[in-house]
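Listed here are the chains, written in short residue letters.
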Amino acid sequence: MDFEFDDDHRMLQEQVRAFAFREVAKGAEQRDHEAAMPEPLRAQLAELGLFGIIIPAEYGGAGMGTVASSIVVEEISKACAGTGVLLSAHGSLCVDPILRFGTTEQKKKYLPGLASGETVGCLSLTEPGSGSDAGAATCAAVLRDDGWHITGTKIFVTNGKEAGVMVLIAVTDPNEPKRRLSAFIVEKPTPGLRIGKLEKKLGIRCSSTAEFVFEDCVVPHDALLGERGRGLRVALSTLDGGRIGIAAQALGIAQACLYESIKYARTRVQFNQPIGKFQAIQNKIADMAVGIEAARTLVYRAAWLKDAGQAYGQAAAMAKLFASEIASKAANHAVQVFGGYGYICDYPVERFLRDAKITELYEGTSEIHRLVIARGLAG
Amino acid sequence: MMDFELSDDLKALQDMARRFAADHIAPHARKWDREADIPRELVAKLAELGFLGIFIPAEYGGVGLGDLGASVIMEEIARHCGATALMLDAHNALCSAHIIRAANAEQKTKYLTKLAAGEYLGAWALSEPGCGSDAAALATTATLEGDSWVLNGAKQWITNGHYAGVYVVMARTKPDGGAKGISAFIVERGTPGLIIGPKEDKMGMRGSDTVGLTFDNCRVPKANLCGKLGEGFTDAMKVLERGRITIAAMSVGLARGALEESLSYSKQRVAFGKPIFEHQSIQFMLADMAMEIDAGRLLTRKAGILSDAGKPSNIEASVAKLFTSEMATRACLAAIQIHGGNGYTKEVPVERYMRDAKLCEIGEGSSQIQRIIIAKHYLEL
Chain X
1 MDFEFDDDHR MLQEQVRAFA FREVAKGAEQ RDHEAAMPEP LRAQLAELGL
51 FGIIIPAEYG GAGMGTVASS IVVEEISKAC AGTGVLLSAH GSLCVDPILR
101 FGTTEQKKKY LPGLASGETV GCLSLTEPGS GSDAGAATCA AVLRDDGWHI
151 TGTKIFVTNG KEAGVMVLIA VTDPNEPKRR LSAFIVEKPT PGLRIGKLEK
201 KLGIRCSSTA EFVFEDCVVP HDALLGERGR GLRVALSTLD GGRIGIAAQA
251 LGIAQACLYE SIKYARTRVQ FNQPIGKFQA IQNKIADMAV GIEAARTLVY
301 RAAWLKDAGQ AYGQAAAMAK LFASEIASKA ANHAVQVFGG YGYICDYPVE
351 RFLRDAKITE LYEGTSEIHR LVIARGLAG
Chain C
1 MMDFELSDDL KALQDMARRF AADHIAPHAR KWDREADIPR ELVAKLAELG
51 FLGIFIPAEY GGVGLGDLGA SVIMEEIARH CGATALMLDA HNALCSAHII
101 RAANAEQKTK YLTKLAAGEY LGAWALSEPG CGSDAAALAT TATLEGDSWV
151 LNGAKQWITN GHYAGVYVVM ARTKPDGGAK GISAFIVERG TPGLIIGPKE
201 DKMGMRGSDT VGLTFDNCRV PKANLCGKLG EGFTDAMKVL ERGRITIAAM
251 SVGLARGALE ESLSYSKQRV AFGKPIFEHQ SIQFMLADMA MEIDAGRLLT
301 RKAGILSDAG KPSNIEASVA KLFTSEMATR ACLAAIQIHG GNGYTKEVPV
351 ERYMRDAKLC EIGEGSSQIQ RIIIAKHYLE L
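Order-wise, the sequence lines are chains X and C. Its first residue numbered 1, the first sequence is counted upward by one per residue in our numbering. Its first residue numbered 1, the second sequence is counted upward by one per residue in our numbering.
Be aware that a few hints might be false.
Stated by the list, open to error - Between beta-carbon pairs, the in silico distance windows are:
1. X:R194 - C:S7: 50 to 60 angstroms
2. X:R233 - C:D134: 54 to 64 angstroms
3. X:S132 - C:S7: 35 to 45 angstroms
4. C:M16 - X:G309: 24 to 34 angstroms
5. C:M237 - X:F278: 21 to 31 angstroms
6. X:A18 - C:L144: 39 to 49 angstroms
7. C:R30 - X:A18: 30 to 40 angstroms
8. X:S132 - C:Q337: 48 to 58 angstroms
9. C:A136 - X:M1: 51 to 61 angstroms
10. C:K311 - X:R194: 53 to 63 angstroms
11. C:D216 - X:G379: 55 to 65 angstroms
12. X:G379 - C:K180: 51 to 61 angstroms
13. C:S7 - X:R233: 29 to 39 angstroms
Since the hints were made in silico from the structure, they are not lab data. Quick reminder that beta carbons are idealized off the backbone N, C-alpha and C, glycines included.
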């Protein structure tokens, strides 16, 4: 038993940490303010190879696994959670299902672009009427001679603005209750697909969240990803892995909260001493640290299990649920440690609080995770 | 190589401890709690398994495990009986561990052999009526008179104190020396001047005996100084640091008991036409318990692995102890809630687990002390 990173993981961690500290942190406030992901930052992430971490070397990626991709998301999210989810959604929601369900042709076609970062990936799953209840999707794909005709609306698509390729879940067999859905790979732009609303959000504001409107959008027959009728399985298994990424993002946010709180508590003087000398502040620091350490073990256990080819759904759900709630608690503590200064935008902790909240909502709410975990206990 | 699984050896040990606890502890734990006593036959059986020599090197008859191995055993024992686990904790992680750490070769030969064989149960005496968390303020004195150290004072909350054959006692050898004026002594049962007080009547951990000790001109041979003069407190703190991993493992075991009992109850108890397990409110409590138990176990093992590798592990041990002990109380309270009225009776074990778990938030460094330790590490103030 060994909880320590291997050498290649440690090197990756050092490299990404330095980059995040140097390049990602500095613009985070502005990106949040402007709700935009500037192209130069994306290019830098691409140049570092961070879009291709889990893609095999034959397709131009780093050929690493989930432990590595979690390290990347964690380190980037310490500086900017919105940038963290750009990588997490790209890797675990688009690249991962293509890796697991794609044909050789599909992999050859899409993975090199996804690995280089030339193409950003996303997952189109949620609909206005289908969130936690993913199986209730209505966006339809009808098979005709010239291909699949897609009609419907997807919302809350992370990376939707930047994405050049998506994994889409749509209804292909409305009368087959257990095989209603299928997965597709859809390129963007494609005639008949338009971006609807770009959401204005509480947090992770530099990450785009888009509505996709499909109006008789035609994609080729071979756009089908995996077997017809197995779309729900593609979606749910993809979310299983995606949860590890979000857990890593939450872990990064929580650590940023702790780091800023420590810095502030050491220098802010009240009653003639640094406030870190008061047990009231010490208790908050300790609780943040303990939560983070616990979250870290859960996150990397889940990542390790996935890389080891073992069952990891339960572990991933635990990691995501725990880490996301810790991130929100840590952010709330951080704002409290900062007092009034925590509430104004001159310091980053109010952004951390806004960013943290999303981790309890997307890729399965905390409530869905508790159901997933309980189902695992049913035995 | 990163690896989140136990080795095959430790899995076998886990299996052995699990079967023993199910066969020899679970059926009787309620009675031991009611009667506030663990039968000596159980102690003998634990000795046969090597569980009284968990850390003791093989040359002295022990099994020579590290903190990771100990955590595996402690979780399994505490799963069914916190009191039995606490007895093992004080014997192994406090008394024996202090002797292993600080004693000279003669002392080790003399005492570790008997401790490993179960001939002596071990106890460890640090707290006093006037000092708990602030241990360096202890007032028991040891004065050198000829060939003897003469101990005077009182010790409090001494686990295993009623039955112990040997006590490691921290006493002041330099009146104004603060922490550096404290030394450790090995005191055998029956030494004139060692007065063993009555067993405390406790809320939980009732099968484990807790006493006060009085030293009234208690004279021990000069050779019974354990470790270097003036280093008793330092050794004691190091012992406690590692001991926290053991307490953490106990907490995980108790919480697991709460979860396992709740799972089986919720699957057979029917309300509104279906097992209560099918209701989201119950599922949510169970999910939180399971998640926190996994997190707690991982933290505990992480600290154990670091400690076994000789790497700094004191913060990790405090983190594990703080998280798991508070988590265990939460889990036990949730278990009582899931059991409803039944959970409030002694017909089901979860109320006992709750009473046992509470101690883990208090003993071997309260949650408040752990938070100070952790915060000071991070704040560097």
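Taking the hints in turn, this is what the structure says about them:
no.	hint	in the structure
1	X:R194 - C:S7: 50 to 60 angstroms	holds (57 angstroms)
2	X:R233 - C:D134: 54 to 64 angstroms	holds (59 angstroms)
3	X:S132 - C:S7: 35 to 45 angstroms	holds (40 angstroms)
4	C:M16 - X:G309: 24 to 34 angstroms	holds (29 angstroms)
5	C:M237 - X:F278: 21 to 31 angstroms	holds (24 angstroms)
6	X:A18 - C:L144: 39 to 49 angstroms	violated (58 angstroms)
7	C:R30 - X:A18: 30 to 40 angstroms	violated (58 angstroms)
8	X:S132 - C:Q337: 48 to 58 angstroms	violated (25 angstroms)
9	C:A136 - X:M1: 51 to 61 angstroms	violated (35 angstroms)
10	C:K311 - X:R194: 53 to 63 angstroms	holds (57 angstroms)
11	C:D216 - X:G379: 55 to 65 angstroms	holds (58 angstroms)
12	X:G379 - C:K180: 51 to 61 angstroms	holds (55 angstroms)
13	C:S7 - X:R233: 29 to 39 angstroms	holds (35 angstroms)
In this structure, the hints that do not hold are numbers 6, 7, 8, 9, in rising order.
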